[in-house]
Amino acid sequence: MPTISNPKRCDIAITGKCNLNCRYCYYADEMASKIDLPTADWLSCFDQLAKLGVMEVGITGGEPFLRTDLFQVIDGIIENRMRYNICTNGTLINESVLASFDTGKRRLRLNNIQLSVDGSRAEIHNLSRPDSFERVIPAVRLLKARQFPVEVRVTINRHNLNDLENIARLILDDLGLPSFSTGEAFAMGMGCTNQHEVTLTSAEQFSAMKKLDLLLEKYPGRIIAQAGPLAKRRAFTEMEDARLSGVKTSRWCMGSLSGCGCVFSRIDVLHNGDIVPCHILHGFVMGNIKADSLGDIWQNHPYLIALRNRRNNPMQEVFGCENCVWASFCNGSCPAMAKEISRDFNSPSLFDCYRHFLEESSDEVQQYIKSRMTTPGKSERQINAL
Amino acid sequence: MCTETTYLRNPDVVLRDEDEDGALLFNPDTNQVLVLNPTAACVWKNCNGKLSVAAMINLIKEEFDKVPNATVEEEILKFITDMAKGGYICLPEK
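As given, the protein sequences belong to chains A and B, one line each in that order. Residue 381 in numbering that gives the first Met the number 0 sits at position 382 of the first sequence, and the numbers go up by one each step. Residue 13 in numbering that gives the first Met the number 0 sits at position 14 of the second sequence, and the numbers go up by one each step.
Extracted from the complex, chain B is given alone in its bound form (with noise of 0.2 Å):
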């Protein structure tokens, strides 16, 4: 994955927050849901189709302090694609 891309919300998802420590991903197309912890959170609610994945990297280690260093950048680059295999997310039309 290009670090320089930037996704989208898929705009038919929903985002239910359960508790403080997390939030529900709804696809009604699909019937699936994605269990969201606070960090994946911010994920979602950034796939604005205009911040980067690089970007996007740079913020969550901005905003959330416990988030480990040595992992972050694999394991929001390996949910991005799960989110976006999932279709809760796409590319941007050009």
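Looking at chain A on its own, in the form it has when it is part of the complex (with noise of 0.2 Å):
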């Protein structure tokens, strides 16, 4: 018996190829300097993933309608019975291409098809995904009028901070979706290097914050966010409230370094084959597909245990949180992030760390977050009695 389940998911930049040059794009380093894996290494891959019990592959890029044999792979991902989604910038779907999942159970087998919105223009969109704007909005109408699954992202960033109540509006008005996830623009790759132009201060921050919530009481339920401003803003809420009242939700592991579960259920590997944790982690290279055991490498590796024994560090006593107040209450957020700022996963994530947060902002700031509470706290006594 394996020491933990296998992985359920797995995702595959499917090509470094990408006929866009987005502003923020975290995969950019990677994409010129790694080789493209032939379609046979891709479909024994999946004879890997399937012996472990894969249920979904995530296929990514570069975009993946580059590569002409994208439905030979997909149909590899089918016939070792698994599911699949794809995440793409869209430019590239038409008629013909949609045609193509008509084939055998491709169509069956698609959980969803994601797209990027970041504009409600072509003039705010472009600024971040270049030359787009006019070919992702049909795209995603032929989508949904062709009944595909489609699935729009927003990724939040200067350009289009200012126009959030318009891409809310196109989307689910205009182009009727039920709904639209969120995420933000950071300092990966890409994102790195026009760090100044498109990642949000902590004023931003706050910005995106107040006008999703008011956006969320227009549409109910309908703007998801598993990361960016929303994400956070209910995380540091949660916090707030665990603080004030001392119960800790159940929703997350408080209080101890367990940011991101991704690596008890998922392996990413890269366009050249290279098993990563995570496609964030690409520089954690664990072995390649086509030398490696990927079931090994899920047990054994290092990289991988180390990763999950990340969990074991109380909040307080991870450096720089010592004396932090919300140490109790936080769980260092994304180890991904953290490297990338530290240089090392086993520190906190200041990208998602409230004190940080706080620290940059007016005391406007944690009144409005503790004004979101669904359940009053307890008084400032009672808390340092805690």
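Hints were generated in silico from the structure; no laboratory data involved. Model, not experiment: these values are computed from the prediction. Every residue gets a Cβ at the ideal spot worked out from N, C-alpha and C, and that includes glycine. Keep in mind that a hint or two might mislead.
[What the hints assert, rightly or not] Listed next, the stretches of chain A that the computed footprint assigns to chain B, with coverage defined by at least 3 CB atoms under 8 Å from CB atoms of chain B: (1) 78-90; (2) 100-113.
[To be verified] No more than 20 Å apart at the CA atoms, straight line, and that leaves these computed lysine to any residue pairs for SDA-like: (3) Lys49(B) with Pro10(B); (4) Lys289(A) with Leu42(A); (5) Lys50(A) with Asn9(B); (6) Lys7(A) with Gln31(B); (7) Lys50(A) with Leu33(B); (8) Lys50(A) with Arg8(B).
[What the hints assert, rightly or not] Label pairs and their calculated CB-CB ranges: (9) Arg250(A) with Cys1(B): 43 to 49 Å; (10) Lys289(A) with Lys49(B): 37 to 43 Å; (11) Ala98(A) with Lys84(B): 31 to 37 Å; (12) Pro10(B) with Ile223(A): 34 to 40 Å; (13) Leu14(B) with Gly220(A): 31 to 37 Å.
Dock the two chains into a complex; use the hints.
Okay, structure coming up:
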């Protein structure tokens, strides 16, 4: 019996080639320096994934639709009893491409196709995703018209911060999608090169939080956030709530360096076959799909074991967090961002640090975060007794 | 359900061993998951088109000391019905 359940999901960057040049692409540095795996190697990879019982393959890139063998690859996933999703920039989607999904179980096994929309009009969207708005929006319309499971992601950045209301109107009212997800540009790859152009300051984060909260009043439950300003605001509010009430949320593991559970359920492969814990940790190469056993790496590789053991570190013992009043209610967030910022994944990610966020903000910010609590906290006197 | 019926595992369904106490059945065509305890996993593994439901009940009684004799038959019949409804197993082609 393996010591840990085998991965449920594997994301593969099927190509390092892309026809766009997005201003915040975290994978940009990797794309040019590595060569794409040929079809046969991907098919062998899927044999390995099937033996592990992997349930879903995420196809990303680069731009997946640039691969002429994409549907051969998809058929390999299907033959190996898995489902799949595609993350695409959408610029190459047309009637002919969608017709190719009608063969076999390609449509049946497709979980979703995700496209990015970063502005309500070309002048804004194209600032971060150049020369693509005029192709992406028709692609979303076409996918919806053909009843594909299309999803839209909005990466919040300095260019679109003041366009969020219009973006929500475009996606939810005009395009008629049930929801969209949000994230934010971060300083990695092109996002690092263009940091001052795309990444949000704390004040801009706060502005985005308020805008998204307001939009959620208009569109209840239709704006999703696993990362970015809305996710941060929710996490910060939960931290305030727990600190004031003394009751920690059961939704995530407060008080230990436990941010991100990906390493317990997912493993990723880069476009040259390099096996990594996740695409954001693309520097942590643990082997290559052509030479190494994915199962052995999943069970035994020191990087993965170390990342899983990260949660054994109490936040109050983490360097820099010893005297933080939030330590007992924090989880240190994403190890990949921590690694990027401090060179050590056994540290907290300053990118998501509440204390850091408050230090850069006015008093109004903390009051706002508290005001979003659903349960009233205890008094400050009771906090001191905790 | 006739207890002389035999069932066959859907070849597209995946069994994932999760830990000592259980497993998951994943049907990639429906995206549905069924959580199995060790007894249920044994039933699934023996849906081979040869062993009848009655024989399977006897097998489970023999292999698992702790299954309650009074209800085991009823529980296995229900589980097999649920698996058939979910497309995890099917009747063998004649």
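Here's how the hints hold up against the structure:
{"no.": "1", "hint": "78-90", "result": "holds (count 3)"}
{"no.": "2", "hint": "100-113", "result": "holds (count 4)"}
{"no.": "3", "hint": "Lys49(B) with Pro10(B)", "result": "holds, 15 Å"}
{"no.": "4", "hint": "Lys289(A) with Leu42(A)", "result": "holds, 11 Å"}
{"no.": "5", "hint": "Lys50(A) with Asn9(B)", "result": "holds, 17 Å"}
{"no.": "6", "hint": "Lys7(A) with Gln31(B)", "result": "holds, 14 Å"}
{"no.": "7", "hint": "Lys50(A) with Leu33(B)", "result": "holds, 19 Å"}
{"no.": "8", "hint": "Lys50(A) with Arg8(B)", "result": "holds, 17 Å"}
{"no.": "9", "hint": "Arg250(A) with Cys1(B): 43 to 49 Å", "result": "holds, 47 Å"}
{"no.": "10", "hint": "Lys289(A) with Lys49(B): 37 to 43 Å", "result": "holds, 40 Å"}
{"no.": "11", "hint": "Ala98(A) with Lys84(B): 31 to 37 Å", "result": "holds, 33 Å"}
{"no.": "12", "hint": "Pro10(B) with Ile223(A): 34 to 40 Å", "result": "holds, 35 Å"}
{"no.": "13", "hint": "Leu14(B) with Gly220(A): 31 to 37 Å", "result": "holds, 35 Å"}
Going through the hint list in order, the structure satisfies each hint without exception.
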